[in-house]
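Trainee: What follows is the residue order along each chain.
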Amino acid sequence: MPSEFFIPDPDGQVPSAEGYFGAFGGKFIPEALVAAVDEVAVEYDKAKADPEFARELDDLLVHYTGRPSSLTEVPRFAEHAGGARIFLKREDLNHTGSHKINNVLGQALLTRRMGKTRVIAETGAGQHGVATATACALFGLECTIYMGEIDTQRQALNVARMRMLGAEVIAVKSGSRTLKDAINEAFRDWVANVDHTHYLFGTVAGPHPFPAMVRDFHRVIGVEARRQILERAGRLPDAAIACVGGGSNAIGLFHAFIPDADVRLIGCEPAGHGVETGEHAATLTAGEPGILHGSRSYVLQDEEGQITEPYSISAGLDYPGIGPEHSYLKDSGRGEYRAVTDDAAMQALRLLSRTEGIIPAIESAHALAGALEVGKELGKDGLIVVNLSGRGDKDMDTAARYFGLYDNGVDAVVAADADSENAEIEGDAK
Amino acid sequence: MSGNIRLLSDTLAGAKAEGRSALIAYLPAGFPTVDGGIAAVKAAFDGGADVVEVGLPHSDPVLDGPVIQTADDIALRGGVRIADVMRTVREAFEATGKPVLVMTYWNPIDRYGVERFTAELAEAGGAGCILPDLPVQESALWREHAEKHGLATVFVVAPSSKDARLAEITAAGSGFVYAASLMGVTGTRESVGNQAQDLVARTKATTELPVCVGLGVSNAEQAAEVAGFADGVIVGSAFVKRMLDAPDEAAGLEAVRDLAADLAKGVRTRA
Numbered sequence: 001m002p003s004e005f006f007i008p009d010p011d012g013q014v015p016s017a018e019g020y021f022g023a024f025g026g027k028f029i030p031e032a033l034v035a036a037v038d039e040v041a042v043e044y045d046k047a048k049a050d051p052e053f054a055r056e057l058d059d060l061l062v063h064y065t066g067r068p069s070s071l072t073e074v075p076r077f078a079e080h081a082g083g084a085r086i087f088l089k090r091e092d093l094n095h096t097g098s099h100k101i102n103n104v105l106g107q108a109l110l111t112r113r114m115g116k117t118r119v120i121a122e123t124g125a126g127q128h129g130v131a132t133a134t135a136c137a138l139f140g141l142e143c144t145i146y147m148g149e150i151d152t153q154r155q156a157l158n159v160a161r162m163r164m165l166g167a168e169v170i171a172v173k174s175g176s177r178t179l180k181d182a183i184n185e186a187f188r189d190w191v192a193n194v195d196h197t198h199y200l201f202g203t204v205a206g207p208h209p210f211p212a213m214v215r216d217f218h219r220v221i222g223v224e225a226r227r228q229i230l231e232r233a234g235r236l237p238d239a240a241i242a243c244v245g246g247g248s249n250a251i252g253l254f255h256a257f258i259p260d261a262d263v264r265l266i267g268c269e270p271a272g273h274g275v276e277t278g279e280h281a282a283t284l285t286a287g288e289p290g291i292l293h294g295s296r297s298y299v300l301q302d303e304e305g306q307i308t309e310p311y312s313i314s315a316g317l318d319y320p321g322i323g324p325e326h327s328y329l330k331d332s333g334r335g336e337y338r339a340v341t342d343d344a345a346m347q348a349l350r351l352l353s354r355t356e357g358i359i360p361a362i363e364s365a366h367a368l369a370g371a372l373e374v375g376k377e378l379g380k381d382g383l384i385v386v387n388l389s390g391r392g393d394k395d396m397d398t399a400a401r402y403f404g405l406y407d408n409g410v411d412a413v414v415a416a417d418a419d420s421e422n423a424e425i426e427g428d429a430k
Numbered sequence: 001m002s003g004n005i006r007l008l009s010d011t012l013a014g015a016k017a018e019g020r021s022a023l024i025a026y027l028p029a030g031f032p033t034v035d036g037g038i039a040a041v042k043a044a045f046d047g048g049a050d051v052v053e054v055g056l057p058h059s060d061p062v063l064d065g066p067v068i069q070t071a072d073d074i075a076l077r078g079g080v081r082i083a084d085v086m087r088t089v090r091e092a093f094e095a096t097g098k099p100v101l102v103m104t105y106w107n108p109i110d111r112y113g114v115e116r117f118t119a120e121l122a123e124a125g126g127a128g129c130i131l132p133d134l135p136v137q138e139s140a141l142w143r144e145h146a147e148k149h150g151l152a153t154v155f156v157v158a159p160s161s162k163d164a165r166l167a168e169i170t171a172a173g174s175g176f177v178y179a180a181s182l183m184g185v186t187g188t189r190e191s192v193g194n195q196a197q198d199l200v201a202r203t204k205a206t207t208e209l210p211v212c213v214g215l216g217v218s219n220a221e222q223a224a225e226v227a228g229f230a231d232g233v234i235v236g237s238a239f240v241k242r243m244l245d246a247p248d249e250a251a252g253l254e255a256v257r258d259l260a261a262d263l264a265k266g267v268r269t270r271a
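Quick note, the sequences are listed as chains A and B, same order. Here the first sequence is numbered in the working numbering, starting from 1 and rising by one per residue. Here the second sequence is numbered in the working numbering, starting from 1 and rising by one per residue.
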């Protein structure tokens with residue numbers, strides 16, 4: 001029986017054998033990692049061809065993760081989006097609370113097939129770290145998670161979850177102390193411990209085969225969403241929208257829609273305080289092609305190839321790189337990428353919470369803010385699928401400070417006038 | 001003007017003719033300042049280094065341990081630019097007449113432009129480049145320009161490199177081969193371990209190029225041990241650490257000179 005939930009790219013046009021998506025991708029790694037990265041590629045190819053691998057992964061995705069995830073229509077939220085119909089792909093309802101588990105379970109099975117006993121991973125928002133710690137608990141693997149020190153503070157709940165699950169969490173104090181630096185530190189660990197350690201990379205970036213392999217593990221998101229929207233709305237959507245940090249949830253949603261030329265694929269990048277301020281992580285909007293973390297893609301960098309420090313209120317999107325397939329989709333024109341500010345994302349987070357009773361992750365809220373814009377552009381007949389990639393529990397401290405929800409007099413970050421723009425939201429206490 | 005690949009080869013051959021290993025020092029440009037970095041390179045030559053690798057500081061030095069990360073941070077905060085790296089190479093070469101290479105991650109060259117970088121490095125009197133994160137499969141463009149400008153392309157091999165791959169890498173490289181003594185990032189280690197000797201033997205089976213060993217070497221005893229089986233001994237973090245620990249710049253330069261002198265004795269001892 002063919003696999004229902006592990007659905008690698010059947011087309012196989014990209015990447016090339018060398019790992020290139022057009023001009024992007026490749027394998028820019030130190031010699032010490034070549035053998036290990038090649039082993040991952042060989043083992044993944046074997047696994048793809050092995051029905052037993054698909055059977056095992058399917059079983060986990062159904063009975064452990066809870067796939068398929070729901071597609072929820074959000075009409076009260078959509079009233080604020082020009083009346084377009086909006087459906088949310090509920091990856092937040094997966095076990096561990098985000099899409100990350102799809103990839104993690106696949107790579108955990110691969111780790112076991114390679115006979116490795118230890119897993120390392122980077123994490124920004126902590127969702128990939130929690131998913132990895134979860135899989136390691138399930139499979140009995142030793143687990144070390146690298147997380148930027150700033151992120152350990154703003155996502156403290158997820159640090160506690162990882163430690164509860166038995167993982168070691170290392171706060172990385174170098175550089176901007178965020179996701180990029182966590183990846184640097186994980187690479188350093190991998191080079192030193194590669195004989196028994198698998199680097200369970202969390203996004204569709206890194207050296208080949210990671211961009212293609214991680215994409216394949218997340219393709220199920222779009223495959224399900226496409227089937228579900230056809231059943232529910234009787235047609236394909238006008239737009240599929242997702243937030244983009246490294247790009248894993250976005251490629252997961254987009255990929256099954258790529259052959260559907262009329263479905264716009266829209267990625268929402270973090271504009272932070274505004275792209276014009278320089279304090280952002282909008283890599284495709286403001287970056288230039290370069291090499292970061294093992295592949296060629298758009299990168300936020302200066303004219304001498306130094307990586308510039310990104311900023312976003314969202315730890316999971318606070319990254320100066322992007323998966324190479326997104327760079328390919330951008331340059332080919334198949335993908336559209338727009339930048340969403342911190343403020344727009346936070347307003348969308350509150351709007352969804354108050355109109356639909358769903359608290360999204362700040363990452364996913366960037367996609368929701370994009371949907372509010374795109375909905376207004378499409379008008380009443382519009383039909384949109386948004387990937388709700390994660391739930392917002394981890395972000396409640398950030399949100400409470402931003403909106404002034406604590407009783408102890410902590411000031412709201414949001415200005416009073418920004419607040420009043422959304423005063424029409426029903427149930428708004430202000 | 002052509003680069004100094006020939007000077008590099010002659011220097012390594014000269015050491016061999018003397019029945020010893022060459023001493024290769026690594027120092028980042030711009031650390032602690034551009035002029036201070038230039039003085040440090042000269043001090044390393046003064047103490048007895050045969051070759052110096054000038055590091056191009058990078059925002060994301062994923063192959064470096066905490067010591068070189070700290071130095072890179074200081075250099076970048078001081079505003080070091082590629083022009084400063086070129087000036088370091090030029091002044092060190094002009095003052096000593098000895099081979100000076102650049103060691104850099106690939107992205108700065110990719111962004112700066114391969115032709116521009118190689119032309120400027122050759123013009124400054126540089127002997128070549130070590131590119132630790134540019135795998136041989138992605139290196140064709142670099143090698144074309146490096147060759148055109150008379151610059152060596154030094155590839156890194158690792159204990160995990162399989163024999164067939166070693167042959168592929170050494171066939172594409174020039175100047176010498178950089179053998180990483182262990183699996184890990186830069187930094188001083190208590191012992192160098194026996195992986196290095198095995199790797200050097202396997203590498204030498206594929207090439208006539210000199211094979212020099214780096215990573216983890218910090219003192220004369222280790223240098224002597226490595227000199228027993230390698231054509232060159234590469235020392236980086238130990239120099240940088242001496243400078244970081246020194247109370248002032250003058251003491252730092254003295255410490256670099258002393259360590260180079262110590263290591264120079266080591267490579268002549270051969271354990």
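It is worth saying that the hints were derived from the structure and are not from the lab. Keep in mind it's a predicted model, so treat the numbers as computed, not measured. Don't be surprised by glycine CBs; every beta carbon is placed ideally from N, CA and C. Among the clues, some could well be false.
Claimed, not checked - Within a straight-line C-alpha distance of at most 27 Å, the following computed DSS-like cross-link-like pairs (lysine-lysine) qualify: (1) Lys48(A) <-> Lys116(A); (2) Lys162(B) <-> Lys46(A); (3) Lys98(B) <-> Lys162(B); (4) Lys204(B) <-> Lys162(B); (5) Lys116(A) <-> Lys46(A); (6) Lys241(B) <-> Lys204(B); (7) Lys241(B) <-> Lys48(A); (8) Lys162(B) <-> Lys116(A); (9) Lys241(B) <-> Lys148(B); (10) Lys173(A) <-> Lys241(B); (11) Lys265(B) <-> Lys98(B); (12) Lys330(A) <-> Lys376(A).
Said to hold, decoys possible - So the derived list for chain B, only partly shown, Cβ under 7 Å to chain A, looks like this: (13) Asn107; (14) Asp110; (15) Val114; (16) Val157.
Trainee: Please write out, lowest number first, the hints stated earlier that are contradicted by the structure.
Mentor: Of the numbered hints, 3, 6, 7, 9 and 15 do not hold.
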